[in-house]
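Undergrad: Single-letter residue listing:
Number of protein chains: 2
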Amino acid sequence: MRLVISTCSAQYVGKLSAHLPEATRLLLVKADGSVSIHADDRAYKPLNWMSPPCSLNESKNESGEVLWTVTNKAGEQLIITLHEVHNDVSHELGVDPGLIKDGVESHLQELLAQHIDTFGPDWTLVRREFPTAIGPVDILCRDNKGATVAIEIKRRGDIDGVEQLTRYLELLNRDPLLKPVRGIFAAQEIKPQAKTLAQDRGIECLVIDYDALRGIADPSLRLF
Amino acid sequence: MRLVISTCSAQYVGKLSAHLPEATRLLLVKADGSVSIHADDRAYKPLNWMSPPCSLNESKNESGEVLWTVTNKAGEQLIITLHEVHNDVSHELGVDPGLIKDGVESHLQELLAQHIDTFGPDWTLVRREFPTAIGPVDILCRDNKGATVAIEIKRRGDIDGVEQLTRYLELLNRDPLLKPVRGIFAAQEIKPQAKTLAQDRGIECLVIDYDALRGIADPSLRLF
DNA sequence: TGATATATCTCGAGT
DNA sequence: ACTCGAGGTATATCA
Numbered sequence: 249m250r251l252v253i254s255t256c257s258a259q260y261v262g263k264l265s266a267h268l269p270e271a272t273r274l275l276l277v278k279a280d281g282s283v284s285i286h287a288d289d290r291a292y293k294p295l296n297w298m299s300p301p302c303s304l305n306e307s308k309n310e311s312g313e314v315l316w317t318v319t320n321k322a323g324e325q326l327i328i329t330l331h332e333v334h335n336d337v338s339h340e341l342g343v344d345p346g347l348i349k350d351g352v353e354s355h356l357q358e359l360l361a362q363h364i365d366t367f368g369p370d371w372t373l374v375r376r377e378f379p380t381a382i383g384p385v386d387i388l389c390r391d392n393k394g395a396t397v398a399i400e401i402k403r404r405g406d407i408d409g410v411e412q413l414t415r416y417l418e419l420l421n422r423d424p425l426l427k428p429v430r431g432i433f434a435a436q437e438i439k440p441q442a443k444t445l446a447q448d449r450g451i452e453c454l455v456i457d458y459d460a461l462r463g464i465a466d467p468s469l470r471l472f
Numbered sequence: 249m250r251l252v253i254s255t256c257s258a259q260y261v262g263k264l265s266a267h268l269p270e271a272t273r274l275l276l277v278k279a280d281g282s283v284s285i286h287a288d289d290r291a292y293k294p295l296n297w298m299s300p301p302c303s304l305n306e307s308k309n310e311s312g313e314v315l316w317t318v319t320n321k322a323g324e325q326l327i328i329t330l331h332e333v334h335n336d337v338s339h340e341l342g343v344d345p346g347l348i349k350d351g352v353e354s355h356l357q358e359l360l361a362q363h364i365d366t367f368g369p370d371w372t373l374v375r376r377e378f379p380t381a382i383g384p385v386d387i388l389c390r391d392n393k394g395a396t397v398a399i400e401i402k403r404r405g406d407i408d409g410v411e412q413l414t415r416y417l418e419l420l421n422r423d424p425l426l427k428p429v430r431g432i433f434a435a436q437e438i439k440p441q442a443k444t445l446a447q448d449r450g451i452e453c454l455v456i457d458y459d460a461l462r463g464i465a466d467p468s469l470r471l472f
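First to last, the sequence lines map onto chains A and B. Here the working numbering is used: the first residue of the first sequence is 249, the next is one more, and so on. Here the working numbering is used: the first residue of the second sequence is 249, the next is one more, and so on.
Wrong hints could be hidden among the right ones.
Intra- or inter-copy, both count: the list cannot distinguish identical chains.
[Said to hold, decoys possible] Taking lysine-lysine pairs in the DSS-like style, the calculated list, with each CA pair at most 27 Å apart, reads: (1) K293 <-> K278; (2) K349 <-> K439; (3) K349 <-> K278; (4) K263 <-> K293; (5) K321 <-> K293; (6) K278 <-> K308; (7) K349 <-> K293.
Please keep in mind that the hints were generated in silico from the structure rather than gathered at the bench.
Turn these sequences into a full structure, and let the hints guide you.
TA: Below, the structure written as structure tokens:
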């Protein structure tokens with residue numbers, strides 16, 4: 249990893265054209281070949297960058313300034329002019345073991361499929377990722393009266409999710425073996441707009457407590 | 249901007265829970281308060297981070313190791329244990345003038361409005377950003393037979409764009425002065441899903457060659 | 001490889 | 001403050 253603090257300007261030509269006026273910034277060159285230009289704001293996002301695989305060529309322009317030309321296979325280019333270099337250090341970091349995550353949509357779906365009685369007593373799972381022509385329904389199940397229920401699961405429930413479930417329901421209700429199929433929209437948090445739209449379409453909303461569900465699934469995973 | 253090279257481990261508890269085993273990494277602290285943990289790969293994306301506004305508290309644990317506790321208003325926490333610090337430098341960068349872009353959706357819209365005959369000979373523009381109760385329609389025009397056409401423009405055409413156009417068409421067709429109004433979905437790239445949905449709803453799809461269009465609009469801008 | 005859904009999306013504009 | 005849309009989205013999964 250190479251860290252360069254430099255007063256620079258830059259030009260990107262690729263998926264779009266973009267230009268960066270002269271200012272002092274951090275140039276970050278990683279071992280994977282990526283180059284990114286960071287200002288002192290915008291959180292972790294660089295002003296401009298080139299993703300790997302790409303190659304960095306260092307040269308000088310007619311004014312004697314250092315020129316970095318970063319090119320990828322698609323011919324996209326990031327050209328950086330280093331007007332002045334204030335610092336230039338390199339460090340060997342080695343391979344990183346990476347991040348271990350917990351608490352994403354697939355976990356929610358798994359947990360809810362395993363504990364289908366979250367929705368009501370005596371409910372039964374038909375299958376997870378039930379296939380349809382326009383994509384898989386997260387969970388298809390039957391309620392205690394044997395009626396078919398399609399469940400769409402999101403971490404954050406917004407209007408898109410309701411639209412998606414609506415499309416599935418329309419399709420599923422064309423199948424005489426399944427119909428009538430009703431819908432449940434389940435999420436850790438449901439936006440008011442989404443709730444309104446769902447109600448308007450006769451779709452039930454369910455807010456899920458992920459921690460509680462995880463606690464039921466495996467008490468050893470409780471945080472407290 | 250503060251750059252620290254350190255052998256560290258970290259824990260994030262917030263929108264999800266995540267853990268980072270011990271390894272040597274770059275810790276990047278920006279003037280906006282953000283903290284990010286970079287490995288020597290994964291392009292510009294950090295392994296873990298905290299977005300501003302947040303506050304960084306530096307302390308020591310019982311083993312005498314440096315502990316960074318980064319907290320935001322929502323109570324999300326990123327806790328970094330610095331087992332060993334290899335380098336620690338700070339630089340004042342000042343405010344950045346930012347990136348100037350070209351080739352985004354608004355340009356496409358401008359170009360297509362100027363060259364409405366891209367859609368057919370003798371078409372006429374009614375107006376760009378035609379206002380409706382649920383938002384502006386990108387382009388409203390009339391075809392060579394005087395029939396009203398609503399055009400939705402995207403750089404990448406996915407299912408959301410078709411939904412959006414569908415809502416506009418429903419609304420516009422309630423206006424006796426305009427109806428019948430048909431729709432065209434125009435994008436540089438149209439996803440198969442979106443194409444299928446559009447066809448199902450009687451919406452025409454049109455793939456646009458941005459460079460060609462720009463070439464027509466201003467030959468001096470041609471790349472070749 | 002291509003298509004699809006997710007993301008601690010991020011970021012900016014508009015209300 | 002919040003919502004909505006766009007992104008050089010990037011990234012992972014699955015066919």
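Undergrad: Hint by hint, note whether the structure agrees.
TA: Tested hints:
1. K293 <-> K278: both (15 Å within a copy, 11 Å between copies)
2. K349 <-> K439: within (25 Å within a copy, 30 Å between copies)
3. K349 <-> K278: Classified as both; 23 Å inside a copy, 25 Å across copies.
4. K263 <-> K293: Both, since 17 Å and 19 Å are each at most 27 Å.
5. K321 <-> K293: both (23 Å within a copy, 21 Å between copies)
6. K278 <-> K308: Only inside one copy: K278 and K308 sit 22 Å apart there, 30 Å across copies, limit 27 Å.
7. K349 <-> K293: both (21 Å within a copy, 16 Å between copies)
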